[in-house]
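Asks: Let's have the full structure, built from the sequences with the hints guiding it.
Chains A and B are the protein sequences, given in the same order. Each residue of the first sequence is one higher than the one before, starting from 1 at the first, in the working numbering. Each residue of the second sequence is one higher than the one before, starting from 1 at the first, in the working numbering.
Treat each hint with caution, since some may be false.
Pairs of lysine-lysine, DSSO-like flavour, derived with a Cα cap of 30 Å [as the list claims (entries may be wrong)]:
no.: 1; chain 1: B; residue 1: K68; chain 2: A; residue 2: K37
no.: 2; chain 1: A; residue 1: K5; chain 2: B; residue 2: K78
no.: 3; chain 1: B; residue 1: K24; chain 2: B; residue 2: K78
no.: 4; chain 1: A; residue 1: K71; chain 2: A; residue 2: K54
no.: 5; chain 1: A; residue 1: K56; chain 2: A; residue 2: K68
no.: 6; chain 1: A; residue 1: K99; chain 2: B; residue 2: K78
no.: 7; chain 1: A; residue 1: K99; chain 2: B; residue 2: K68
no.: 8; chain 1: A; residue 1: K99; chain 2: A; residue 2: K71
no.: 9; chain 1: A; residue 1: K56; chain 2: A; residue 2: K99
no.: 10; chain 1: A; residue 1: K54; chain 2: A; residue 2: K37
no.: 11; chain 1: A; residue 1: K37; chain 2: A; residue 2: K56
no.: 12; chain 1: A; residue 1: K99; chain 2: B; residue 2: K24
no.: 13; chain 1: A; residue 1: K5; chain 2: A; residue 2: K56
no.: 14; chain 1: B; residue 1: K24; chain 2: A; residue 2: K37
no.: 15; chain 1: A; residue 1: K111; chain 2: A; residue 2: K37
no.: 16; chain 1: A; residue 1: K111; chain 2: A; residue 2: K99
no.: 17; chain 1: A; residue 1: K5; chain 2: A; residue 2: K54
no.: 18; chain 1: A; residue 1: K37; chain 2: B; residue 2: K78
Because the hints were derived from the structure by calculation, they are not lab data.
Chain by chain, the residues:
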Amino acid sequence: DQQVKQNSPSLSVQEGRISILNCDYTNSMFDYFLWYKKYPAEGPTFLISISSIKDKNEDGRFTVFLNKSAKHLSLHIVPSQPGDSAVYFCAATLRGGNKLVFGAGTILRVKS
Amino acid sequence: DAGVIQSPRHEVTEMGQEVTLRCKPISGHNSLFWYRQTMMRGLELLIYFNNNVPIDDSGMPEDRFSAKMPNASFSTLKIQPSEPRDSAVYFCASSLAGINTEAFFGQGTRLTVV
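Replies: Structure, rendered in structure tokens:
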């Protein structure tokens, strides 16, 4: 049973436009959410996170939105750049713990 | 710090052989995780340790898989006997336990069982 779901396997966006990556979760005990980016032949690297007490967190071109009632979060990248092309993983942790549960990932391609 | 170090980077082995993957976490981190990445299931958590103690191994697929952490600076994931369906990229990650912070990943070991 996948507790963190990324239903879009891939996304293609034009350079300069907005990229929106979505993530849904089923466990209401999750209280901290993270996005990781992964390039080929490398390990995932941390991108941005959000606590369940917030509904938005922004870091430069990256913004994560959290909708607790819908158990949904999204990552917005504006403007998208070709170097953003990678696999993006959504992850969540259980309250009081640090066990990271990942989604299956979304491949983002930014076309120049 | 060099980050999380995994070895080998690539491993090709024959079905039935024993495979051992190695990981050195970031110094000072007291949580260590083993993940497996496949096309179908993405990143699956296999097992994680806090202070060298296994906390949750519910993700370990079968008894053929075992993991140890004899000290704070070293962990192994062993598959015995290996099967073709074990072919995947195996990642080790470490973090500071008890803090809502990110885990740092190694570059992974690509395992191919033929």
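Asks: Given the hinted pair K24(B) and K78(B), is their Cα-Cα distance within 30 Å?
Replies: Since the Cα atoms of K24(B) and K78(B) sit roughly 15 Å apart, the hinted pair holds (cutoff 30 Å).
Asks: Are the Cα atoms of K5(A) and K54(A) separated by 30 Å or less?
Replies: Holds, at roughly 21 Å.
Asks: Regarding the pair K56(A) and K99(A), is the alpha-carbon distance no greater than 30 Å?
Replies: holds, 22 Å
Asks: Can you confirm whether the C-alpha distance between K99(A) and K78(B) stays at or below 30 Å?
Replies: Holds. K99(A) to K78(B) sits at ~21 Å (cutoff 30 Å).
Asks: K37(A) and K78(B) were given as a pair; does the straight-line alpha-carbon distance stay at or below 30 Å?
Replies: It holds: about 27 Å lies between the C-alpha atoms, which stays within 30 Å.
Asks: Holds or violated: K24(B) and K37(A), Cα atoms, limit 30 Å.
Replies: holds, 22 Å
Asks: Between the alpha carbons of K5(A) and K56(A), is the straight-line distance 30 Å or under?
Replies: OK: K5(A) and K56(A) at ~20 Å, within 30 Å.
Asks: Next pair to validate is K37(A) with K56(A); report whether the Cα-Cα distance is within 30 Å.
Replies: holds, 19 Å
Asks: Is K111(A) within 30 Å of K99(A), Cα to Cα?
Replies: Not OK: K111(A) and K99(A) at ~35 Å, beyond 30 Å, violated.
Asks: Run the distance test for K111(A) versus K37(A): straight-line Cα separation, threshold 30 Å.
Replies: Status holds; Cα separation ~17 Å.
Asks: Is K56(A) close enough to K68(A), meaning Cα to Cα at most 30 Å?
Replies: OK: K56(A) and K68(A) at ~11 Å, within 30 Å.
Asks: Has the given pair, K54(A) with K37(A), been kept, meaning a C-alpha gap of at most 30 Å?
Replies: At roughly 22 Å apart (the allowed maximum being 30 Å), K37(A) and K54(A) satisfy the hint.
In this structure, the one hint that does not hold is number 16.
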